[in-house]
Amino acid sequence: MSLSSKHLLGLRNTPREDIELIIDTAKTFREVLERPIKKVPTLTGKTIVNLFFENSTRTRISFELAQKRLSADTINFSISTSSTKKGETFKDTVKNIEAMKIDMIVVRHQSAGVPDFLTRISNANIINAGDGRHEHPTQALLDFFSIEEKLGKLSGKNVCIVGDVSHSRVALSNIFGLQTLGANVSVCGPATMIPRNIEKLGVKIYQKVEDAIRENDVLNVLRIQLEREAGGAIPNVNEYHKYFGITRERLEKYNPEIVILHPGPINRGVEITSEVADGPYQLILEQVTNGVAIRMAILYLLGTLPN
Amino acid sequence: MSLSSKHLLGLRNTPREDIELIIDTAKTFREVLERPIKKVPTLTGKTIVNLFFENSTRTRISFELAQKRLSADTINFSISTSSTKKGETFKDTVKNIEAMKIDMIVVRHQSAGVPDFLTRISNANIINAGDGRHEHPTQALLDFFSIEEKLGKLSGKNVCIVGDVSHSRVALSNIFGLQTLGANVSVCGPATMIPRNIEKLGVKIYQKVEDAIRENDVLNVLRIQLEREAGGAIPNVNEYHKYFGITRERLEKYNPEIVILHPGPINRGVEITSEVADGPYQLILEQVTNGVAIRMAILYLLGTLPN
Amino acid sequence: MSLSSKHLLGLRNTPREDIELIIDTAKTFREVLERPIKKVPTLTGKTIVNLFFENSTRTRISFELAQKRLSADTINFSISTSSTKKGETFKDTVKNIEAMKIDMIVVRHQSAGVPDFLTRISNANIINAGDGRHEHPTQALLDFFSIEEKLGKLSGKNVCIVGDVSHSRVALSNIFGLQTLGANVSVCGPATMIPRNIEKLGVKIYQKVEDAIRENDVLNVLRIQLEREAGGAIPNVNEYHKYFGITRERLEKYNPEIVILHPGPINRGVEITSEVADGPYQLILEQVTNGVAIRMAILYLLGTLPN
Chain A
3 MSLSSKHLLG LRNTPREDIE LIIDTAKTFR EVLERPIKKV PTLTGKTIVN
53 LFFENSTRTR ISFELAQKRL SADTINFSIS TSSTKKGETF KDTVKNIEAM
103 KIDMIVVRHQ SAGVPDFLTR ISNANIINAG DGRHEHPTQA LLDFFSIEEK
153 LGKLSGKNVC IVGDVSHSRV ALSNIFGLQT LGANVSVCGP ATMIPRNIEK
203 LGVKIYQKVE DAIRENDVLN VLRIQLEREA GGAIPNVNEY HKYFGITRER
253 LEKYNPEIVI LHPGPINRGV EITSEVADGP YQLILEQVTN GVAIRMAILY
303 LLGTLPN
Chain B
3 MSLSSKHLLG LRNTPREDIE LIIDTAKTFR EVLERPIKKV PTLTGKTIVN
53 LFFENSTRTR ISFELAQKRL SADTINFSIS TSSTKKGETF KDTVKNIEAM
103 KIDMIVVRHQ SAGVPDFLTR ISNANIINAG DGRHEHPTQA LLDFFSIEEK
153 LGKLSGKNVC IVGDVSHSRV ALSNIFGLQT LGANVSVCGP ATMIPRNIEK
203 LGVKIYQKVE DAIRENDVLN VLRIQLEREA GGAIPNVNEY HKYFGITRER
253 LEKYNPEIVI LHPGPINRGV EITSEVADGP YQLILEQVTN GVAIRMAILY
303 LLGTLPN
Chain C
3 MSLSSKHLLG LRNTPREDIE LIIDTAKTFR EVLERPIKKV PTLTGKTIVN
53 LFFENSTRTR ISFELAQKRL SADTINFSIS TSSTKKGETF KDTVKNIEAM
103 KIDMIVVRHQ SAGVPDFLTR ISNANIINAG DGRHEHPTQA LLDFFSIEEK
153 LGKLSGKNVC IVGDVSHSRV ALSNIFGLQT LGANVSVCGP ATMIPRNIEK
203 LGVKIYQKVE DAIRENDVLN VLRIQLEREA GGAIPNVNEY HKYFGITRER
253 LEKYNPEIVI LHPGPINRGV EITSEVADGP YQLILEQVTN GVAIRMAILY
303 LLGTLPN
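Top to bottom, those sequences are chains A, B and C.
Take any residue in the first sequence, note its place counting from 1, add 2, and you have its number in this note's numbering.
Take any residue in the second sequence, note its place counting from 1, add 2, and you have its number in this note's numbering.
Take any residue in the third sequence, note its place counting from 1, add 2, and you have its number in this note's numbering.
One thing to keep in mind: the hints can contain errors.
You can't tell identical chains apart in this list, so a pair holds if it fits in one copy or across any two.
[What the hints assert, rightly or not] As a list, the in silico BS3-like pairs of lysine-lysine whose alpha-carbon atoms are at most 30 Å apart: (1) K41 - K8; (2) K8 - K103; (3) K8 - K210; (4) K152 - K93; (5) K155 - K8; (6) K41 - K103; (7) K29 - K210; (8) K159 - K93; (9) K244 - K152; (10) K8 - K206; (11) K93 - K202; (12) K206 - K155.
Hints were generated in silico from the structure; no laboratory data involved.
With the rest of the complex left out, here is chain A (with noise of 0.2 Å):
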């Protein structure tokens, strides 16, 4: 079995066949990264170009490891290393760097819809690791491959997003890849934080969190980001913890089996208390072991798509 598309974009026009195969892909590789010699030969030869034109730890070493670990080439380049400062065109850049006989990028940008331009100006697979609000696929991914090695199948599972939705990318490609595996999605967050007539995605808004813990087999907890645009939304963050903040005691009075995932990195005692994100029912540091495993099985994927 092969992917259906040459490129991983978002989660939104994914079909459901191809993101079980990357799942039960990312099951193997998950068994690799428990071996002591965590490496396989597949991509020997293939080039990869981490184009990062946001800071990011976590997503871009989950990547590189996941190429080093299937023995492909890696070259990172970021923004202040770039030629734009000497007046060239972003797409005269990436024609360069194709140029170079590049067989993947890997790219985050803070403007949606930057991956898809990329893959009308290059031959190379193109993985979107985040663009602008738009998807961050390969976290929804980890996400789904997480929930399901600890509840099973998704198909019927009912999985709230709590937090910012209205500014996240993870937030759209969860929504967009639940549904597709048949899961019910809900999200819950002060209303300056979800995105309007977000219904029409057939996506459910709790005003309560204690509502959405007890309705929901999994919260997806969104990091609520202090540094960007959440000073506006919200009116200050002891406020947003008092209404919205996941703690053990809230879940423990409404909902003892509800499953915690959080996209890192975690803003300990504003949307989620330490007691939790320590605790038995999170799932975020196997997120990150994950992570890697969802990042190898796209790579090999698309690295071994017949041409």
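We have chain A; now place chains B and C onto it with these hints.
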């Protein structure tokens, strides 16, 4: 056959046999770049340091890819992370790096002569990746490779370098190497951008770009370095474009057979129009691909020299 | 034989057998560094993270080269690209990196104790590459290796550390390790640069550098850290040089057999003259080469420990 020197500092004194050997070797590596597995084990266990004291995107990535595709180990070292901040002399920094048993150093520096200085304090093979306004030999070699791929042997061909010749290390390396290969070299640009006494090198000067187009087989169009000194040498970029810009109209009218090179990054609408930069006359992206092959050739030839 | 600890945090409590095993192993790798192919497959499939929270040239490159020559996969992670900017705790950052299935972490940090802290939150092998004013064990080990290479076993040898001992992690690691190996350790410097109560460690204090030269086999000359606290501890560098500078005249007059070490980077004309730094007494570049071998030895010994 092997190179007559253990360094590549410039083309001024590089014999014809060496240039031809590099280009011939690059042809082989150009084929490797078309394979699914673009990697050979030739330099396994060799260590190459990329010592870049000026920002660079394409040249550094091109070298790094060439090194990885030859299976060398690479270390990137840039000024911002260097001990020169701690008051250490440049010589001590280099001696220290070399003491870690480095095989080759690729160096870019804003001062002419730094690569030559390195040969006096280090036993490693030194490759000049651009030094001040002096030389940039790998760029010139990839230009020659690209021209010969298109037009056959350079001997007897007419090649004109257009633009800010005075501030260009690309121009100087081209002039020396082209003359060694038997081409007729000329330059064209505003008087403020043409070095005094350049005729003494046997280089013809064109006042008018139309004449340059009519009488040459190849134009090597230099980038107007808007971020550097160019501001002082020309009244403004529109004026430059009006008199010296390479446009489809000019090429069609004066020499529809001409071949256009540009070392990049391009200022579209300044030294060259988008129509030309993306059109049938140019070899611009071919140059980029050939650049990797040329660098693989040089690294291979220097890395396998008998001691 | 194998090491008694799975970490290298410092030399304070490292047993003699471990230090000797590291030095013996480094001798083997020193020979590998003289080969045309300076690479062994020992750590293939292992992942090592270089976590540097302080700028470093030589130590980081030395570790990176050691890792690559053992065929490990390496990830560089520096503070400037880190999520600590996003408000994440240091512990969460490390736990996240570790969840990506890292085998070893090499850490440099401005705060003493960070490597020790890492051992409590991570299962990876931790190697201290310098923490605050505490320890820098690999530097001390390469010093010992270099001395023994020149003078034979350290037991019974007289070694004096000259300079800003108070602010030096190199000094502290040297003192602990040298005493473990049976050497007689002393220090020499202005009173403001000698820690109070250092005699309680069994360390002799020299007021005059002439006496230190006369009565020792080895001087380990510390760098005067002009960019740090040294400004406050000495009236000016000329004054320091006058009383404590290591000059050819002093060495010739008081002990022409003495061996000079310096951890670099050198301030020529401050703590040491160029004549000495480039002359026959010193082992400075030998130390740099041995540093790669020592780091290969430690990485090898920790990376192949039975679990």
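Quick rundown of the hints versus the structure:
Both within a single protomer and between protomers do K41 and K8 lie at most 30 Å apart by alpha-carbon distance, with minima of 24 Å and 23 Å respectively. In this homomeric assembly, K8 and K103 come within 30 Å of each other (Cα to Cα) both inside a single copy, at 17 Å, and across copies, at 28 Å. With identical chains, the CA atoms of K8 and K210 are never at most 30 Å apart, being 41 Å at best within one copy and 49 Å at best between copies. Proximity of K152 to K93 under the C-alpha cut-off of 30 Å is restricted to the inter-copy arrangement: shortest distance 25 Å between copies versus 43 Å within a copy.
Taking identical chains as interchangeable, the C-alpha atoms of K155 and K8 lie at most 30 Å apart only when both belong to the same chain, with a minimum of 26 Å there against 40 Å between chains. In this assembly of identical chains, K41 and K103 lie within 30 Å of each other by CA distance both inside one copy and across copies; the values are 24 Å within and 12 Å between. In this homomeric assembly, K29 and K210 never come within 30 Å of each other (Cα to Cα): the closest approach is 35 Å inside a single copy and 66 Å across copies. Taking the shortest Cα distances, K159 and K93 never come within 30 Å of each other, neither inside one copy (42 Å) nor across copies (33 Å).
In this homomeric assembly, K244 and K152 come within 30 Å of each other (Cα to Cα) only inside a single copy, at 29 Å, whereas the closest approach across copies is 68 Å. For a Cα distance limit of 30 Å, the shortest separation of K8 from K206 qualifies neither inside one copy, at 33 Å, nor across copies, at 51 Å. Proximity of K93 and K202 under a CA criterion of 30 Å is satisfied in neither setting, with 35 Å inside one chain copy and 41 Å between copies. In this assembly of identical chains, K206 and K155 lie within 30 Å of each other by CA distance solely inside one copy; the values are 21 Å within and 70 Å between copies.
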